[in-house]
Each structure stands twice: as structure tokens, then as C-alpha cells.
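Asks: Work the whole structure out from these sequences, hints included.
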Amino acid sequence: MMATPSSTDLAEPPSGNPLLEVSLGPQHPSTHGVFRMDVSLDGETVVRLKPVFGYLHRNHEKIAEKCTYLGSIPYTDRLDYICSLTNNWAYAMTVEKLAGLVPPERAEYLRVILSELTRLINHSALAGFLLQDMGALGTPLMYAFREREKILDLFESLTGARMMCNYMRFGGCRCDLPPGWIEQARSVVAKFPSFLEEFEALLTGNEILLARTEGVGVLPAKLAVNAGVTGPMLRASGVNYDIRKVDQYGIYGRFKFRVPLGERGDVFDRYMIRILEMHESLKILDQALREIPAGPIMDPKAKLRNLRPKPGEAYGRIEGPKGELGFYVISDGGPNPYRYRVRPPSLINLTILEDMCLGQTVADVVVILGSIDIVLGEVDR
Amino acid sequence: MDTLDQLKTRIEAAAPGAQVEIIPNGSPANQPSLLVDGGHARAIAQFLRDEPALAFDYASNVTGVDWPEKVTREKVKVKKVVDGVEKGVEELCEKKTPAYLEAVYHLYSMANKQGPLIVRMRTENRTDRVSLPSLTPVWRSCEFQEREIFDLYGIVFEGHPDLRRILMWPEFTDYPMRKDYVEADDYEYEPTPHDDVLAKAKRHYPAGGTPA
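In order, the protein sequence lines correspond to chains D and A. Residues 1 to 381 (this note's numbering) are what the first sequence spells out, left to right. Residues 1 to 212 (this note's numbering) are what the second sequence spells out, left to right.
It is worth saying that the hints were derived from the structure and are not from the lab. Careful: at least some of the hints might be erroneous.
As the list claims (entries may be wrong) - Derived contacts from chain D toward chain A, CB cut-off under 7 Å, selection only:
(1) 59
(2) 62
(3) 100
(4) 226
(5) 241
(6) 246
(7) 310
(8) 343
(9) 351
Said to hold, decoys possible - Non-contacting residues of chain D with respect to chain A, defined by C-beta distances greater than 10 Å in every case (computed):
(10) 36
(11) 71
(12) 193
(13) 272
(14) 300
(15) 305
(16) 306
(17) 307
(18) 334
(19) 358
(20) 359
(21) 362
(22) 364
Don't be surprised by glycine CBs; every beta carbon is placed ideally from N, CA and C.
Replies: Structural data, given as C-alpha cells:
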């Protein structure tokens with residue numbers, strides 16, 4: 001379905017009935033946090049949809065400008081609180097560009113391993129939540145959370161925290177692996193495919209899932225590019241753009257993996273892309289856990305406290321589980337960043353929410369929003 | 001990809017009269033940027049997006065920066081006639097950089113897999129002449145991000161389809177990300193205020209009294 005041009009003043013709804021104004025959210029389980037959509041309905045059909053943000057706004061960027069460079073790392077955990085390690089990496093990488101630091105080999109491997117594990121967590125949780133939005137209450141989500149817990153155990157034994165890991169530093173990582181960690185990680189990675197098989201056997205061919213997702217919320221590739229949509233959302237529309245391949249940041253150039261692409265850009269493709277990306281992440285993990293070298297985990301030039309980069313600016317970006325996560329930092333030579341900006345993939349992926357929802361029913365809006373994969377900690381910052 | 005100098009020449013040829021300046025970047029990141037004038041920004045953006053060799057089809061990050069007036073003092077050697085003899089005297093000279101707000105666009109090309117190209121625009125000052133052309137008609141991804149700049153910095157984007165506050169509430173009047181923003185002191189509620197919080201809270205009590 002092609003989106004029709006949006007208009008704020010619809011004088012006459014197509015059916016001739018008066019429009020119904022509904023405020024979907026902010027306290028609604030399907031909005032994944034506190035997020036509101038002002039929806040105008042013609043019967044069950046959406047004719048206008050305006051997202052309303054800011055319920056969780058705390059001006060993260062201003063707080064970071066009043067902190068030292070190091071002091072902001074724990075705050076980045078709280079952006080997308082499901083994927084704290086990728087947030088850490090994006091910020092650490094940007095400051096490394098700004099200050100000219102190079103993390104050692106072992107730290108690069110650790111970063112890849114941890115961010116791919118984070119991708120597994122994010123995508124499996126997303127698949128569970130998406131099914132919950134369709135009415136499969138609880139069970140698929142609990143299957144996903146069971147696997148997530150095993151990975152969180154790995155994070156806990158390495159960083160001391162399950163979700164707010166606060167682990168990466170400029171020029172490396174905070175601490176080295178505890179004994180036995182690699183073996184434990186290998187066994188988690190080895191058992192993960194059986195979870196995916198089970199999950200797919202239960203769900204992917206399911207008639208209700210197909211009926212609710214196929215042809216729903218179609219996003220054309222051209223609009224997706226123009227609207228800055230990134231991550232699995234973009235690739236589900238068939239655009240081959242994965243920053244791990246394009247920028248080859250860190251050491252991603254060394255690993256063999258494929259970039260799954262969708263054909264139609266509907267909700268089903270977005271669900272399937274995530275399942276396929278988990279398979280690719282497992283391939284990367286398999287290689288990285290085999291090849292990880294011994295050695296230092298911090299750049300000897302790195303200075304954590306009282307870091308004062310030369311005046312200048314840097315933009316760094318990574319392929320986060322939700323899309324392009326970027327940080328833009330300007331230094332004026334002082335101990336705090338002069339300007340600190342987060343490019344939140346969740347917020348920018350919401351740009352085309354209205355385009356995808358027009359002409360669909362209210363129940364579809366919930367599923368479409370679920371397939372975008374937002375976290376309000378990052379949308380509102 | 002062309003170097004920034006070549007790109008500047010091409011932009012000036014494509015948009016006659018455009019003023020383009022290369023802003024160097026002192027950090028090891030080596031990401032210099034192009035400063036374009038607001039009057040030609042839309043035409044330049046169209047050119048950057050539609051020219052097949054460039055094809056910057058993806059505006060990734062759009063953000064604002066606040067640069068208040070800056071006074072830098074430097075010593076300048078001045079020749080002066082002292083007691084009939086010409087001498088080189090060092091004098092303290094104040095140099096004022098006028099204040100402005102800046103919008104920064106990080107552009108990438110998905111078609112050609114290149115970037116980032118960093119484009120900046122500056123307002124004339126940061127009080128009354130703060131409008132810039134919106135680039136949302138060229139790249140939809142600017143829609144929410146330009147709204148955010150309007151909300152937090154107060155840059156008015158002309159030609160934006162839906163310029164409203166996005167993170168702050170509509171009745172809010174200030175621009176929180178500006179460097180001279182004074183944060184409200186009455187948002188923090190404590191049932192038994194003490195120390196700093198009490199001092200702040202007292203300013204909101206009725207004269208001479210305790211809270212109602």
C-alpha cells in the first residue's frame with residue numbers, strides 16, 4: 001500500500017462520517033514506554049497520525065556537556081537501555097576519533113563480541129515484543145527472555161551489571177575477561193541456533209502471524225532512504241546498507257557474514273530480517289571467539305581522567321541493533337565536550353510512522369510501531 | 001570522491017552566487033566541513049542529492065550548535081611614537097567574534113557508499129535573525145531533527161512542513177540547549193527541602209512565609 005500525502009486538516013473523511021480523535025498512549029503497553037500518537041480515525045482506518053514525544057526527555061545532551069568526557073559513559077548506557085554496550089562503543093569510538101586514540105587488538109575483539117551479543121539480545125527481545133503486540137501474550141516473549149538471560153549472565157560476569165554495563169573506555173575496555181568467560185560464551189553461542197530453530201518452528205509459518213504482518217506497513221525503498229531510516233528497517237525494504245560493511249569500523253572487515261535483505265518492506269520482512277541477522281551475528285561471534293588474541297586491552301596513550309582533546313570535532317557512527325547510532329562531539333580544548341549530540345536511530349526511524357500507518361487499521365498501527373523497534377530512552381533523550 | 005576543494009568549485013558552478021567556505025577541523029578525525037550561505041542552501045542541497053556522481057541521498061545527522069559572542073585577547077605589536085622615537089610596543093588587543101547559531105548536516109551517499117560530507121549553515125546572530133532554510137523538502141530525515149533544533153536552539157527553519165516544539169511542551173518559551181540557558185530552579189520537589197534545594201525553594205515562597 002502506498003502512503004497518501006499527509007494533511008493536518010481533513011475537511012471531509014472519505015466515508016463522510018465524522019472523524020474520531022484517539023490519543024494512543026502515553027500509558028499504553030504497545031508503545032514500549034511513554035510515547036503518544038494522536039490518531040484520527042475514519043471508522044477503523046487511520047487518516048492522520050502525529051507522534052508526540054518528550055515524556056522521557058531529560059536533555060541528555062545538556063547533561064553530557066556539563067560532564068567530563070569520561071563522566072558521560074554511564075549516561076550513554078541509559079539511551080537505549082537494552083543495548084548499553086553498543087551505545088558505549090559508539091561514544092567511545094567518537095571520542096577516540098576526536099583524541100586520536102587506537103584501541104588494541106584484544107579490545108577490538110571484545111567490542112565486536114559484546115556488540116554482537118547485544119544484537120542477539122535486542123533482536124530476540126524485539127521478536128518477542130512484536131508477537132506480544134499481535135496478541136501472543138507472554139509465551140514468545142518469555143522464550144526470548146530465557147535466551148536473553150543467558151547473555152545477560154555473560155555481561156554480568158564481565159562488567160558487573162546486566163544492563164547498565166558502563167564497560168568501554170576511550171582507547172579500550174575497562175577490564176579484561178574473567179577466567180572461563182570465553183568457554184561460557186562459546187557454549188551460549190553454540191546453543192543459540194537451537195533456540196532460533198524452535199522459535200521459527202513455532203512462529204514463522206504461523207497463520208495468524210502471516211495474516212497480521214504480510215503487506216502491512218509497507219515502506220518503499222526510496223522513501224526509506226530519503227527519510228534516513230537505518231538498520232534492519234532499511235534492509236527490510238531491500239536497501240543494502242550495513243555500516244559494518246560500509247565503514248568497516250573496528251575490525252568488522254575481517255569477519256565473513258552476509259547482509260540479509262527484504263523484498264517487500266512490510267512488517268513480516270522486518271520480523272524475518274531480525275531472525276536472519278541473528279544467524280549472521282552468530283557467525284561473527286563464532287569467528288571472533290575463536291580468533292581473539294591475548295594482549296593489552298587499553299591504548300597506552302589513553303588518558304581517562306581529565307581528557308582534553310584538541311579543539312575540533314568528530315562524528316562517529318556504528319551499526320547499532322536499531323540502526324545507525326551516531327555521536328557528534330565538538331571539543332574546545334576543555335575538560336567537557338563543547339557540543340555532544342546523539343543521533344538516535346529510534347527517533348529518526350519514526351519519521352515515516354505516519355506514512356506507513358495511513359489507510360491501515362488501529363490494530364495494525366500497534367504492529368507497525370512494534371516492528372520499528374523503538375526505545376523511548378533514546379527517542380526522547 | 002572529490003576533494004572538498006573540487007566539491008566547492010563544483011557547487012559554486014552549479015549554484016551561481018553561492019558562498020561556500022571550507023571550515024578546517026583541528027582534531028585527528030580529519031572531518032573538515034563546508035559552510036554554505038542560507039540563501040543558496042536549498043539549491044546546493046538539491047545539487048548534492050541529485051548529481052549522480054555525488055548522490056548524497058541520505059542526511060544522517062542534523063544538529064544545532066550555539067556559539068555565543070567570544071572575546072579573545074591577543075598581544076599585537078603596534079608601532080608607536082614615544083617621546084619622538086618610533087618603538088614597537090606590545091598592546092593587548094580584544095578581538096570579538098560575533099555570536100551565531102549553527103545547523104550542521106552530516107550527509108552520506110547510500111548509492112555511492114561515501115561520506116560523510118559535513119555542511120553547515122549559520123544564522124546572522126542569535127537573537128532576532130535566526131532563520132535558516134529548511135532542508136526537509138530535500139531530505140525527509142531532517143523533519144524531526146530540524147524540529148528538535150527549533151525546540152532546543154530556537155533556529156526557525158523556513159519552509160519546514162510542521163515546525164513545532166518536539167521534546168519540550170508547546171507552552172515552554174526558552175531554548176534549553178543554548179549556552180546561556182538558566183535552568184528553572186523550582187522543578188525539584190522535596191517534601192523536606194534543605195541546603196541548596198531549600199535556598200532555591202525559598203525564592204518561590206510567598207514573602208516572609210512558609211509554603212502554602
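Asks: Now look at each hint and say whether the structure bears it out.
Replies: Verification of the supplied hints:
1. 59: With a minimum Cβ separation of about 6 Å from chain A (threshold 7 Å), the hint on residue 59/D holds.
2. 62: holds, 6 Å
3. 100: This interface hint holds because 3 Å falls under the 7 Å limit.
4. 226: Interface hint status for residue 226/D: holds (5 Å vs cutoff 7 Å).
5. 241: This hint holds: residue 241/D lies near chain A, its Cβ roughly 5 Å from the closest one there, short of 7 Å.
6. 246: holds, 5 Å
7. 310: At about 6 Å, which falls below the 7 Å cut-off, the nearest Cβ of chain A leaves the hint on residue 310/D intact, so it holds.
8. 343: holds, 4 Å
9. 351: Where the cut-off is 7 Å and the nearest Cβ of chain A is about 5 Å from residue 351/D, the hint holds.
10. 36: holds, 12 Å
11. 71: holds, 18 Å
12. 193: Correct as stated: the minimum Cβ-Cβ distance to chain A is 31 Å, above 10 Å.
13. 272: holds, 22 Å
14. 300: Holds, because the least Cβ-Cβ distance between residue 300/D and chain A comes to about 17 Å, which exceeds 10 Å.
15. 305: The assertion about residue 305/D holds, with a minimum of 20 Å to chain A.
16. 306: holds, 18 Å
17. 307: Given that every Cβ of chain A is farther than 10 Å from that of residue 307/D, nearest at about 13 Å, it holds.
18. 334: holds, 13 Å
19. 358: The assertion about residue 358/D holds, with a minimum of 15 Å to chain A.
20. 359: Holds, since 19 Å exceeds 10 Å.
21. 362: holds, 22 Å
22. 364: Check passes; 22 Å lies beyond 10 Å.
Figure legend: structure checked against the earlier numbered hints; every hint is met.
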